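This is what each chain is made of:
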Amino acid sequence: MKKVNALTSIVLVLILVLSVFAGCSSGGSKVSEESTSSGTDSGSVSTDNNDNKTQTQSEITFLDTMPTPERTELLKNMIAKFEAANTSVKVEYTSVPWDEAYKKVVTMGASNTLPDVVTTDVGIMLALAQPGYAEKLTDKWNNWKYKDDLTQAAIVASNLYTYDGDIYVIPDGFLLQGIFVRTDWLEELGIDPVSLQNWTWDDYFDVIKKMTDKDKNRYGIAFRGGANGFLRFYEFLGSNLQVTNAFPDGTNKSILEDPRAIDLFKQFYGLYTEGYAPKESINWGFKEMVEGFVNGQCGTLNQTPEVTVTCQQNMEEGIWTVLPQPKTKGATKNHMTWGYSAGYLMSSSSKNKDGTWAFIEFMSSPEMNLEYSKGFGCLPIYKSCLEDSYFQSGALKGYADQLLDPNIEYFSQPTDLTQWGYFLAEYSKTEVQKYMSGKQSAEDTMANLAQWMREQYDKDVAGKQ
Amino acid sequence: MLLLPALLIVVGFMGYPLLYSVRISFLNYNLMAPNDVRFIGFDNYRKLFTDSEIKYVLLNSIKWVVTVVFFQFILGFILAMLLNKKFFGKKIYQSVVFLPWAVSGFLIGLIFKWVYSEHSGILNFMLLKLGIIDSPISWLGDGKYAMIGPITGMIWYGIPFFGIMILAALQSIPTDIFDSANIDGCSGIQKLFYVIIPFIKPTIIMTLLLRVIWVFNSPDIIYIMTGGGPANASNILSLYVFNQAFYSLDFGYGAAVGILMMALLVLYALVFLTLTRYERSGDF
Chain A
1 MKKVNALTSI
11 VLVLILVLSV
21 FAGCSSGGSK
31 VSEESTSSGT
41 DSGSVSTDNN
51 DNKTQTQSEI
61 TFLDTMPTPE
71 RTELLKNMIA
81 KFEAANTSVK
91 VEYTSVPWDE
101 AYKKVVTMGA
111 SNTLPDVVTT
121 DVGIMLALAQ
131 PGYAEKLTDK
141 WNNWKYKDDL
151 TQAAIVASNL
161 YTYDGDIYVI
171 PDGFLLQGIF
181 VRTDWLEELG
191 IDPVSLQNWT
201 WDDYFDVIKK
211 MTDKDKNRYG
221 IAFRGGANGF
231 LRFYEFLGSN
241 LQVTNAFPDG
251 TNKSILEDPR
261 AIDLFKQFYG
271 LYTEGYAPKE
281 SINWGFKEMV
291 EGFVNGQCGT
301 LNQTPEVTVT
311 CQQNMEEGIW
321 TVLPQPKTKG
331 ATKNHMTWGY
341 SAGYLMSSSS
351 KNKDGTWAFI
361 EFMSSPEMNL
371 EYSKGFGCLP
381 IYKSCLEDSY
391 FQSGALKGYA
401 DQLLDPNIEY
411 FSQPTDLTQW
421 GYFLAEYSKT
431 EVQKYMSGKQ
441 SAEDTMANLA
451 QWMREQYDKD
461 VAGKQ
Chain B
1 MLLLPALLIV
11 VGFMGYPLLY
21 SVRISFLNYN
31 LMAPNDVRFI
41 GFDNYRKLFT
51 DSEIKYVLLN
61 SIKWVVTVVF
71 FQFILGFILA
81 MLLNKKFFGK
91 KIYQSVVFLP
101 WAVSGFLIGL
111 IFKWVYSEHS
121 GILNFMLLKL
131 GIIDSPISWL
141 GDGKYAMIGP
151 ITGMIWYGIP
161 FFGIMILAAL
171 QSIPTDIFDS
181 ANIDGCSGIQ
191 KLFYVIIPFI
201 KPTIIMTLLL
211 RVIWVFNSPD
221 IIYIMTGGGP
231 ANASNILSLY
241 VFNQAFYSLD
251 FGYGAAVGIL
261 MMALLVLYAL
271 VFLTLTRYER
281 SGDF
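Those protein sequence lines, which keep their order, are chains A and B.
Position 364, counted from 1, in the first sequence is what the numbering used here calls 364; the numbers after and before it change by one each time, with no gaps.
Position 245, counted from 1, in the second sequence is what the numbering used here calls 245; the numbers after and before it change by one each time, with no gaps.
One thing to keep in mind: the hints can contain errors.
Some chain A residues near chain B, calculated using beta-carbon distances under 7 Å [to be verified]:
no.	residue
1	Lys103
2	Gly226
3	Gln419
Computed cross-link-like contacts, DMTMM-like style, restricted to lysine to aspartate or glutamate with a CA-CA straight-line distance of at most 25 Å [to be verified]:
no.	chain 1	residue 1	chain 2	residue 2
4	B	Lys144	A	Asp215
5	A	Lys439	B	Asp142
6	B	Lys47	A	Asp444
7	B	Lys144	A	Glu288
8	A	Lys210	B	Asp134
9	A	Lys209	B	Asp134
10	A	Lys439	B	Asp179
11	A	Lys459	B	Asp51
12	B	Lys47	A	Asp460
13	A	Lys459	B	Asp220
14	B	Lys144	A	Asp444
15	B	Lys144	A	Glu317
16	A	Lys459	B	Asp36
17	A	Lys439	B	Asp36
18	B	Lys47	A	Glu455
19	A	Lys434	B	Asp51
20	A	Lys397	A	Glu317
21	A	Lys287	B	Asp142
22	B	Lys47	A	Glu274
23	A	Lys434	B	Asp36
24	A	Lys90	B	Asp36
25	A	Lys136	B	Asp134
26	B	Lys55	A	Glu455
27	B	Lys129	A	Asp215
28	A	Lys287	B	Asp220
29	A	Lys214	B	Asp142
30	A	Lys136	A	Asp354
31	A	Lys434	B	Asp220
32	A	Lys266	B	Asp142
33	A	Lys216	B	Asp142
34	A	Lys147	A	Asp401
Hints in this document: simulated from the structure, not taken from any laboratory.
Predicted model, so just to flag it, every value in this text is computed and none were measured.
Built from N, CA and C at the ideal position, the CB exists for glycine as well.
Bound-form chain B, shown alone (with noise of 0.2 Å):
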C-alpha cells in the first residue's frame, strides 16, 4: 500500500510516455502533415532496419561507449585512490578535479571543439612544434579521426563521476579491515584486488551500468563539435534520432528508434546484471 504513490509517479511519469512513444512508432505521425496521422504497422521499424546508416551509427556507438566508459572509469578509479589519503590542500585539489562534471556538456564540446581545431587549435600547435607532424591534421573533418575528439572530451567529462562515487564507496570501507590484511601481509596489490575491489563491488557496478546508459544517451558534445559528420563517421544512435526526428519531424520514425535504443539498453542492463551478479554482490 505505501507503494503506491511512488507507483503512480512511475507509471504517470514513464510508464504513460513510454508507452506513448510505442504507439507512436507504429503511426505515421510527421509533424509536416499532421491531418495524416495513421497505423502503417511495422513501417517505421522496416524502414529503421533497411536503413544502411544505422548499423554505420550503432558500430560508432559502441565504440563511443565502450572506449568513454573504460577510461573514464579507470582513471576515475585511479584519481579516487589517489584522493583516498589526506595530503596538503588536499579539499582544494579535491574541488579543482571535480569541476568538470559541473560544466555543461556543451561548454565541454565548444573548449574541445576548439583544442581539435585543424588551424588554430592547441593540439595541431603543440604537434607542428614539437615536429611530431608536419601539417595541420583535420582531427575534426577526416572520418578516421572524426570520432577522437568527442571521445576524449568526454572522458574528461566523466571522470569526476567516478572519481566522487568511488572515492565515497572507498571511505566507507572500515580501517580494520586494513589492519588485518596487514597483519596477514598482504601487499598493495592483493590489498586492490582481494579487499578493496570486492569491498566497493556494488558501487563499481552501479556506476558502470547508469554511465554507459548515460553517455550512450548523451550526444551533446559530439553535436557541438561534429555534429556527427562527416558523413555520420562520429554520428552515434542518439543524435542521429535527434537528427532524424526533428529536421524531418517525423517522430513515427523517431520513436521507433527510440524504441530499440531502449530495447539495447534493457538488454544490456539484464546481462550486465548477471554477468557480474549482482544480486549476489551485497547491498548497495
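Isolated chain A (complex conformation) (with noise of 0.2 Å):
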C-alpha cells in the first residue's frame, strides 16, 4: 500500500511540474497562436484571391507594429485613400502591440503567414532578412520616382535599412532626437534657450549640471539606464570620436576600444553616478523618462519628436521647447544617430508583390508622408513636406531644420551583428547598470562590452568574408 502511494507521490508530482511548465509555455504558444490566427484572418484571403483572380480584385494584408488609437485611425484613412485610387486592390489592416511585435513578426516569418506589409524597425527588418523572410527592394529604391526630393538624411538613412548589400525598407519617416527642454528652469539660471540652438556636448553637460537641485527635487536630465539606454551614450560616443560606424577600421575593434572612449564613457555615465539624475532612472525605459521630464522632475530629455504631443497634453505651454541634439566642437560634420521612425517592409512570400509595392510607393508619395508625419508626430522623409508650415513653427523647427542640413553625416548602428537588438535591450544594460551602481569598474565594463563587440564581429562580419 505504502509504495503505491509513494508512486502515487511520484506520478502527482510530475503532473504538477509537467503542468507548471505547460502553463509557463502558454505565453510562448500564445504568440503562434495569435500569428497564426492573424494570418489566417487576413493572409489565407490573399492567397484564394491570387491564384486566377489578381487583375479584378485582390487583397494584400498590412500590419501594423507600432499602433495607437491615433495612428490606427491615420493608417485606416491613409488605406481607405489608396483603396479609393486603386480600386482593384484590397488592403487588409491588422496590428500588433509594439512590445510583442518583435517575438510575433519573427515567429510569423518563421511559419511561413507574414502579411504582405509589414511596418518595422532595424531590428525587425534585421530579423528577417538575414533568413530570407523580407524581400530586397535596392532597384525599386534607387528608381524611385520621388527620389529627387528626398533629403539627404534619408538617402543615407536607407543604409540603416541595408542588409548584405541590400535594402529592405522605406523610410517612412523620422524620429530623430533632439532635447527637450524645460525653458523656464534656464531661465531662472540666467540662460536664454536661443543662445543654445547651435550648442556642443559641452554645453549640453553643463546646462544638465546648473539645473540640478536636489534640495527642490530637480534633475538636470530625465536618465536612461534601463534597456536601450547604451544608445544614447553610443550617439555620444560616435559624435565625439567623428565616425560613422561602430567599426570604422574595418577589422574586429569597435569605437568601444578607442583610447579616447572610456574617458568619454565616465563623463557620460558620470551624469548619473555624480547625481544629477535621479536615482532610480538606472532602471528607466522610454516612459519613466517621459515621466521624469513631464512631471517636473527633470530638466532635460533626449527624444524623439512623437513625444512632443505628449508633453502639449501634459505641460503648461511656454515652459519647454525642443533643442537640436548637440554637436561636438570643431567637428565638420553634423552627426546624426537613430534617426528614422520606421517603414514599410514587404515579405518575400507576398503572393501579389506588385499591388504591395504599389501600396507601399502610395504610402511613402510626398503627399501621403506629409499627411503621415503630421499625424503620427515624426518628421517627413521629403524636402518639400519639412518646408511646410507645420514643420517649421514651434517645438517642431529644432527638428526640421536638422534634416534639412546638407552637411549631415551618418553615425550607423552595426546592423549586421545579428545580436545587436539583445546587446541594446540586455547585454550592454546589465554591464552598464554593474557600473552604474558601482559593482564593476570603468574599465571592466568597456573591456567586456568591446569583447562581446569584437566576438559577434568575427560571427557575423568576418565569419562571411
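Make the complex out of the two chains shown on their own, each in a separate frame, by following the hints.
Laid out in C-alpha cells, this is it:
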C-alpha cells in the first residue's frame, strides 16, 4: 500500500511540474496562436484570391507594429485613400502592440504567415532579412520616382535598412533625437534658450549640472539606464569620435576600444553617478523618462518628436521647447544617429508583389508622407514636406532644420550584428548598470562590452567574408 | 483503460512539449539564424554553467521564493483563522480581502511601482513626513533594496490564495473534535498545534508545494517594477530565461535554462513531499 502511495506521489509531482511548465509555455505558444490567427484572418484570403483573379480584385495584408488609437485611425484613413485610388486592390489592416511585435513578427516569418507589408524598425528588419523572409527593395529604391525630393538624411538613412548590400525597407519618417528642455528653469538660471541652438555636448552637460538642485527635487537629465539606454552613449561616443560606424577600421576593433572611449564613457555616465539624474533612473526606459520630464522632476530629456504630443497635452505652454542634438566642438560634419521612425517592409512570400509595391509607393508618396508625419508626430522624408509651415514652427522646427542640413553625416548602428538588438536591450543594460551601481569599474565594463562586439563581429561579419 | 484519455491528454499536451524542449536544448536554435539549426551537444548547458550571472540570479530566486511564500503562508493562515468565525459584515469583508487574487500581476506591479517610487511614491512620502529618513530612498534603483518592492507586492498578491485554501480546510474540521478538545481542557495554542494543523496538514502541504512552484515561475511583478535590474539585482531565473530567450531569440539556450528550472522544481517537489511525509498525512 505504501509503495502505491509513493508511486502516486511521484506521478503527482511529475504532473504538477509538467502542468506548471505547460502553463509557462502558454506565453510562447500564444504568440504563434495569435500570429496564425491574424495570418489566417487575412493571409489566406490573399492566397485564394491571387491564383487567377489578381487583376480583378486582389487583397493584400498589412501589419502595423506600432499601433495607438490615433495612429490606427490615421493609417486606416490612408488605406481608404489608397483603395479609392486603386480599386483593384483591397488592404486588410491588422496590428500588434510594439512590445510584442518583435517576437510575433519573427514567429510569423518562421511559420511563413508573414503579411504582405509590415511596418518595421531596424531590429525587426534584420530578423526578417537575414533568413530571407523579406523582399529586397534595392532596385525599387534606386529608381524611386520621388528620389530627387528625398532629404539627404533619408538617403543616408537607407544604409540603416541595408543588410548584406540590399535595402529592405522604405523609411516612413524620422524620429530623430532632440533635447527637450525646461525653458523656465533655464530662465531662472539666466540662460537664453535661443543661445543654445548651436550648442555643443559640453554646453549640454553644463546645463544639466546647473539645472540640478536636489533640495528642490530637480535633476538635470531624465537618464535612461534601462533597456536601450546604451544607444544614448553610443551616439555621444560616435559624435565625439567623428566616425560613421561602430567598426571604422573594418576589423573587429570597435569604437569602444578607441583610447578616448573610456573617458567619454566616464563623462557620460558621470551624469548619473555624480547625481545629476534621479537614482531610480538606473532602471528607466522610455515611459519613465518621459514621465520624469513631464512631471517636473528632470530638466532635459533626449527624445524623439512624438513626445512633443505628450508634452503639449500634459505641460503648461511656454515652459518647454526642443533643442537640436548637441554637436561636437570643432566637428566638420553634423552627426546624426537613430534618425528614422520605421518603414515599410515587403514579405518575400507575398503572393501579390505588384499590388503590395503599389501600396508601399502610395503610402510613401510626398502627399501621404506629409499627412502621415503630421498625424503620427514624426518628420517627413521629403524636403518639400519639411518646408511645410507645420514643420517650420514651434518645437518641431528644431528637428526639421537638423534634417534639412545638407552637411549631415549618419552614424550608423552595427546592424550586421544579428544580436545587436539583444546587446542594446539586455547585455549592455546589465553591464552598464553594474558600473552605474558601483559594482564594476568603467574599465571592466568597457572591456566586457568591447569583447562582446569583437566576438559578434567575428561571428557575423568576418565569419562571412 | 479508463485512464487512457487522461493519459493521452497529459502525454500530448505536456509530455510532447517537454520532450521537444529537451530536444531544442541540445540544438543551436536561434530564430535569427533559422538556416543554421544543428545539434551542438551540451554546448547550451556548458554556456549555462559558465554564465557568471546564473548563480546570482539563482540566489535571488531562492530569496524571492522563500520570503514570499513564508509571509504569504503566515499571513494567509492568520487571515483564514480570523475569517473562520461569524461576525457582522463577514461576507463583504471576505470579498474585499480576497480581491488581490483577482487582480492581474501586471497591475499589481504598476501599483507597487508607484508606492516605491523614489520621488512620487507614497512610501518615501510617509517616511519623510514621519522624519524616519532625511532624503528619499531609491527603493527600485538601488541594488540593496531592489528586491523589497517586488517581494511585498507579491506577498500582498498571494495572501488570499492561502486564505481561501486554508479557510476551506478549516471549515471542514468537524466541530465535535473541538468539543472534545475543550472537554480535555486544551488551550488555544494546543488546539492550534494538536487539532487544527494536523487536520489541515494535507492542504498546507499541497498549497505550499503549489505556491512555491508558482512563485518561482512568476516574474510579472518584477518585470514591471524593475525589469530585473539594476544589474540583475532583482532578477529571478524565470525572468532571466525570458529576457535571454526573447531578446536574443536563442531558443536553444532558453530551453536549456528551462530544463534546469524544471529539474530544480522536480527535485524540490520530491524532497518536500518526502520530508513532509505526504503519503502518511491522509487523503486530501
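Q) So which of the earlier hints does this model not fit? A) 10, 13, 15, 17, 22, 23, 24, 25
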